[in-house]
Amino acid sequence: MGTPELISPRSPRVIAARRLAKRNFRVKERRFIAEGPQAVREAIEHRSGGEPTLIELFATVEAAERHAEIVEAALAAGVRVHYAEDDVIAELSQTVTPQGLVGVCRFLDSPFEEILAARPKLIAVLAHVRDPGNAGTVLRCADAAGADAVVLTDASVDLYNPKSVRASVGSLFHLPVAVGVPVEQAARGLRDAGVRVLAADGAGVDLDAELDRGAMGTPTAWIFGNEAWGLPEETRALADAVVRVPIHGKAESLNLATAAAVCLYASARAQRAAGGCRSVTSS
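Residue numbers (my numbering): 2 to 284.
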């Protein structure tokens with residue numbers, strides 16, 4: 002592919018990439034921005050339709066030298082690479098301290114039906130989650146816990162919001178994600194696939210009690226709601242059970258990502274242990 006050349010800030014390619022900060026342009030082009038060495042590296046390795054999910058890479062000369070292996074991998078994969086000044090990278094990344102690498106990627110969400118057909122054992126369902134940072138962090142937690150997929154309902158934030166992508170720290174490229182699925186369809190489809198549906202909510206039964214009675218070892222989908230007001234009653238009613246994370250100390254509550262991590266790891270441990278497991282949240 003040759004040596005990258007410095008691109009003009011007024012280049013149509015820069016203008017097109019800059020527009021991806023807005024959701025309507027992302028949806029129209031089915032492309033999104035991923036920034037930083039971790040996300041760009043994962044985007045090169047990830048495949049969409051047999052080709053790298055990464056389409057185009059913008060890099061400062063300094064970042065290209067510091068992360069030469071990433072630039073070389075991008076070029077080897079047939080990705081178009083451009084050198085860009087710091088101000089161009091800053092506009093594309095929209096962060097206070099850009100890391101010098103910004104990639105344009107293809108959408109990579111999976112059809113919900115494909116996720117069900119893969120007979121998942123552990124899934125995180127984000128219903129009414131509006132904060133992009135929370136969405137990306139829960140996706141990262143699901144990846145770390147070994148979940149098979151993540152589902153974002155039609156009432157949740159855009160998966161490809163730059164804040165969501167950054168908060169996932171590359172996990173977006175590690176596991177299937179379905180988007181725009183009505184929560185009723187998600188719960189019904191998962192249950193029909195033999196997955197137990199649990200709603201994470203402070204008004205539910207104790208997670209420790211569920212673990213102690215060996216009820217967590219089956220395929221499970223956790224529904225997580227909005228951090229400020231939780232899950233509405235009609236969503237809780239879709240679940241086989243409503244479960245709360247116990248608060249053993251004086252904290253008023255846990256934030257969404259922390260609660261999701263506790264729930265997902267509890268299920269992951271129970272599924273890996275013969276006959277279930279004892280409490281993982283007890284002090």
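Worth flagging that the hints you see were computed from the coordinates, not collected in a lab.
Mixed in with the good hints there might be a few duds.
As the list claims (entries may be wrong) - Derived lysine to aspartate or glutamate pairs resembling DMTMM-like cross-links, with alpha carbons at most 20 Å apart:
1) 23 - 155
2) 251 - 209
3) 23 - 144
4) 164 - 185
5) 164 - 30
6) 164 - 209
7) 164 - 228
8) 23 - 159
9) 251 - 228
10) 122 - 87
11) 29 - 228
12) 23 - 92
13) 164 - 110
Hints, verified against the model:
Our distance criterion of 20 Å between C-alpha atoms is met by residue 23 and residue 155, whose separation comes to about 18 Å. In summary, the hint linking residue 251 to residue 209 is supported, as the alpha carbons are separated by about 18 Å, within the 20 Å threshold. Restraint check: the Cα-Cα separation between residue 23 and residue 144 comes to about 26 Å, which exceeds 20 Å; the hinted pair is violated. Between residue 164 and residue 185, the direct Cα distance comes to roughly 27 Å. Violation of the 20 Å bound is thereby established for this hinted pair.
Among the hinted pairs, residue 164 with residue 30 is consistent with the structure: their alpha-carbon atoms are about 19 Å apart, no more than 20 Å. Only pairs whose Cα atoms come within 20 Å are accepted, and residue 164 paired with residue 209 is rejected, the gap being roughly 33 Å. Taken as a hint, the residue 164 and residue 228 pair is honoured in the structure, with Cα atoms around 17 Å apart against an allowance of 20 Å. Under the criterion of a C-alpha separation no larger than 20 Å, the hint pairing residue 23 with residue 159 is consistent with the structure, at around 11 Å.
Restraint check for residue 251 and residue 228: the C-alpha separation of about 19 Å stays at or below 20 Å, so the hint holds. Between residue 122 and residue 87, the direct Cα distance comes to roughly 44 Å. Violation of the 20 Å bound is thereby established for this hinted pair. Annotation: proposed proximity of residue 29 to residue 228 is violated, straight-line Cα distance about 30 Å (limit 20 Å). At roughly 13 Å between alpha-carbon atoms, residue 23 and residue 92 fall within 20 Å of each other, so this suggested pair holds.
With a C-alpha separation of about 17 Å, the suggested pairing of residue 164 with residue 110 holds against the 20 Å cut-off.
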